[in-house]
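> Listed here are the chains, written in short residue letters.
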Amino acid sequence: MKISRNISITLVCIILGITLAWQYQSVRNNAKVTMLEAQRKDDLIQKLLNEKENNENLRKKNDELNTEIRKYENSLGDNDENIKLLKSEINKLRVIAGLTEVKGRGVIITISKDEMLLLRDYDLLDILNELRASDAQALAINEERIVSTSEVRVAGGNIIINGRQVQPPFIIKAIADPGNVENAFKMMGGVAERIAVYFVNIVVEKSDEIVIPKVRDEVIRTDMLKPVEQKQ
Amino acid sequence: MKNKDKRFIFFLVFLLLGAAITIQIKSTVYTNKKQSANSLNIEKLKTQIEKETKISELFRQSIKENEQKKESYLKTSANDKEYPELKKQLDELKLLAGMTDVKGAGVIIKLNDALIKGDGLISDYILHNTDIAMVVNELRAAGAQAISINNERIIATSGFICTGPTIKINRNRYAVPFEIKAIGNPDEIIKQLEESETVMLLKNDNIRVDITKDGEVHIPKYSNNLDDLISGLEVLNNENQ
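Quick note, the sequences are listed as chains A and B, same order. Heads up: the first sequence runs through residues 1 to 232, numbered per our numbering. Heads up: the second sequence runs through residues 1 to 241, numbered per our numbering.
FYI, nobody ran anything at the bench for these hints, they're computed from the structure. None of these values were measured; they are calculated from a predicted model. Where a beta carbon is used, it is the ideal one built from N, C-alpha and C, also for glycine. Careful, some of the hints might be misleading.
The list that follows gives simulated cross-link-like pairs (lysine-lysine, DSSO-like), each with its CA atoms no further than 30 Å apart [unchecked claim]:
no., chain 1, residue 1, chain 2, residue 2
1, B, Lys110, B, Lys54
2, B, Lys168, A, Lys52
3, A, Lys60, B, Lys168
4, B, Lys213, B, Lys168
5, A, Lys41, B, Lys34
6, B, Lys168, A, Lys103
7, B, Lys70, A, Lys226
So the derived label-pair ranges between C-beta atoms look like this [said to hold, decoys possible]:
no., chain 1, residue 1, chain 2, residue 2, range
8, B, Lys203, A, Val154, 12 to 22 Å
9, A, Asn6, B, Glu43, 47 to 57 Å
10, B, Leu121, A, Asn74, 57 to 67 Å
11, A, Asn79, B, Val176, 44 to 54 Å
12, A, Asn66, B, Lys203, 45 to 55 Å
13, A, Ile69, B, Glu194, 44 to 54 Å
14, A, Asn74, B, Gln35, 56 to 66 Å
15, A, Pro169, B, His218, 35 to 45 Å
16, A, Arg70, B, Lys203, 45 to 55 Å
17, B, Leu201, A, Ser112, 21 to 31 Å
Let the hints inform the model, and build the full structure from the sequences given.
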C-alpha cells in the first residue's frame with residue numbers, strides 16, 4: 001500500500017514536471033509566432049504601399065504617351081506637321097540630356113569654408129542628392145553642368161567634377177521649386193546642419209532667374225553603349 | 001507518512017497542474033485568435049498586392065504598345081528628305097539622354113543589409129540612401145556610361161530618397177536587396193570600387209557587397225514621365241531651332 005502510494009505520487013510529479021516544461025515551451029513559441037506574423041504583416045503593408053506608388057508613376061507615364069500619340073494622330077498624313085513633332089521630340093531630348101543652356105526658378109547655394117578645412121566630396125554629393133530629392137530639373141556646380149555621368153570626387157585635396165578641377169567657394173545652382181529646396185535644407189538633421197558641423201558656411205538663396213549652362217561636349221561619352229534592338 | 005502530509009502534497013501538485021493548464025489554454029486561445037485575425041489580414045493584403053501587380057502589368061503592357069505606336073507614327077514622315085538626318089539625331093539623343101535600352105560590358109553590384117550585427121546602432125548595418133549615392137558616384141568616377149538600380153535608369157537628376165525601410169529612386173520605391181548595374185570598363189570600375197572608402201566602409205559594417213564583372217550588362221531606359229524632368233526649364237540659345 002505504502003509503496004504503491006509513493007509510486008503513484010512519483011508518477012504524478014513526473015507528469016506534472018513534463019507538463020510544466022512543455023507548457024513553458026509552448027507559451028514562448030506562441031509569443032514568437034505572433035511576433036513573426038506581425039512582422040510579416042508590416043512587410044506586406046510596405047510592399048503594397050510601394051506597388052501603389054509605383055503604379056501611380058506608371059499611370060502618369062502612360063497618360064503622357066497617350067497625349068503624345070493623340071498629337072501624332074491629329075497630324076497623320078500631314079508631313080510638315082510630322083516633321084515639326086519630330087523636331088520638338090528632338091529638342092525635348094536635348095534639354096533632358098543637358099545639351100542646352102536653361103533658365104528657370106530655383107536656388108543658388110554658396111559654400112565657403114575656413115582655410116584649414118577641406119570640403120569632402122560627400123558633402124557636395126549630399127547637397128546634390130538633397131536637390132535631386134527636391135525634384136531639381138537642372139544642376140550645376142561652379143558652372144559645370146551635372147549630367148548622368150557627372151562624378152564628384154577628391155583628388156589631391158581638390159574637388160573634381162566632370163573631370164575638371166573646381167575651386168572653392170562652391171556655387172551650386174539648381175532649377176527646382178525653391179520652397180521644396182528650402183524645406184529640405186532647413187529640416188532638422190538635414191544636410192545644412194550636417195555640413196555646418198564642419199565649420200562650412202552654407203548660404204541658400206532663392207532666385208527667379210537661374211541660368212544653367214549646357215554640358216561641355218567632351219563630358220559626353222556613349223562609346224560603350226550599344227542600343228538593344230526592340231523586339232516588335 | 002501521515003495522511004495529512006499526503007493530502008497536502010496532493011493539494012500542491014493539483015494546484016500547480018491546474019494553474020499550468022489554465023495558462024496553457026489561455027495562451028493557445030490568444031494565439032489562435034491573433035493568428036486568425038492576422039492571417040485574415042495577411043490574406044487580404046496578399047490579394048491587394050496581387051491586384052496592384054496586375055494593374056502594373058497592364059500599365060507596362062499599355063506603355064509598351066504606346067511606345068511602339070509612337071515609333072511607328074514617327075516613321076510616317078519617312079519619305080521627307082529631312083527625315084533620315086532627324087531620325088539619326090533622335091536616336092543619338094535618346095541614347096545620350098538614357099531613353100534607350102542599352103547593353104555593354106560592365107559590372108553588376110549586389111548590395112544587401114548586414115546579416116550579422118556587431119556593436120553599435122542597428123542603423124549602421126542597413127543600407128541607406130547615402131550609401132547608394134556614394135556607390136553611384138564611384139561608378140561615375142570610374143567612367144560608367146549607363147547605370148541602373150533595380151532596373152531604374154539613373155539619369156542626371158535621379159535622387160535617392162530615404163523613405164523609411166525603402167529608398168525612392170526616380171519617384172519609385174525599392175527595398176533591399178539592391179542590384180546596381182553599370183556599363184563601362186569593368187576593370188576600371190572594379191579597381192575604383194575596391195580601392196574606395198565607400199566600399200571599405202560598407203564592408204566594415206558587414207553590409208553584403210557583391211561585385212561581378214559581366215560581358216554584357218543590360219540596362220533599361222528611363223521609364224518615367226518626361227515632362228516632370230523639364231517642366232520648369234526655359235531653353236536659352238538652342239542652336240538647333
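> Under the criterion that the straight-line Cα-Cα distance not exceed 30 Å, is the pair Lys70(B), Lys226(A) satisfied?
22 Å, holds
> Is 44 to 54 Å a correct range for the gap between the Cβ atoms of Asn79(A) and Val176(B)?
52 Å, holds
> A range of 45 to 55 Å was offered for this pair. Does it hold for the Cβ distance of Asn66(A) and Lys203(B)?
Distance hint for Asn66(A), Lys203(B) holds at roughly 47 Å.
> Would you check the hint for Lys60(A) and Lys168(B), treating anything up to 30 Å between C-alpha atoms as holding?
17 Å, holds
> Honestly, do Leu201(B) and Ser112(A) meet the 21 to 31 Å range at C-beta?
With a Cβ separation near 28 Å, Leu201(B) and Ser112(A) satisfy 21 to 31 Å, so the hint holds.
> So the hint says 47 to 57 Å: do the beta-carbon atoms of Asn6(A) and Glu43(B) match that?
Holds, at about 55 Å.
> Quick check: does the Cβ-Cβ distance between Lys203(B) and Val154(A) fall within 12 to 22 Å?
20 Å, holds
> Need the status of pair Lys41(A), Lys34(B): alpha-carbon distance at most 30 Å?
12 Å, holds
> Against the 30 Å threshold, does the CA-CA distance of Lys213(B) and Lys168(B) hold or violate the hint?
26 Å, holds
> Take the C-alpha atoms of Lys168(B) and Lys52(A), compute the straight-line distance between them, and say whether it is at most 30 Å.
Measuring from Cα to Cα gives roughly 13 Å; hence the hint holds.
> Does the beta carbon distance between Arg70(A) and Lys203(B) stay inside 45 to 55 Å, or does it fall outside?
Hint holds: Cβ distance 52 Å, inside 45 to 55 Å.
> For Leu121(B) and Asn74(A), compare the CB-CB distance with the range 57 to 67 Å and indicate the outcome.
59 Å, holds
In this structure, every one of the numbered hints holds.
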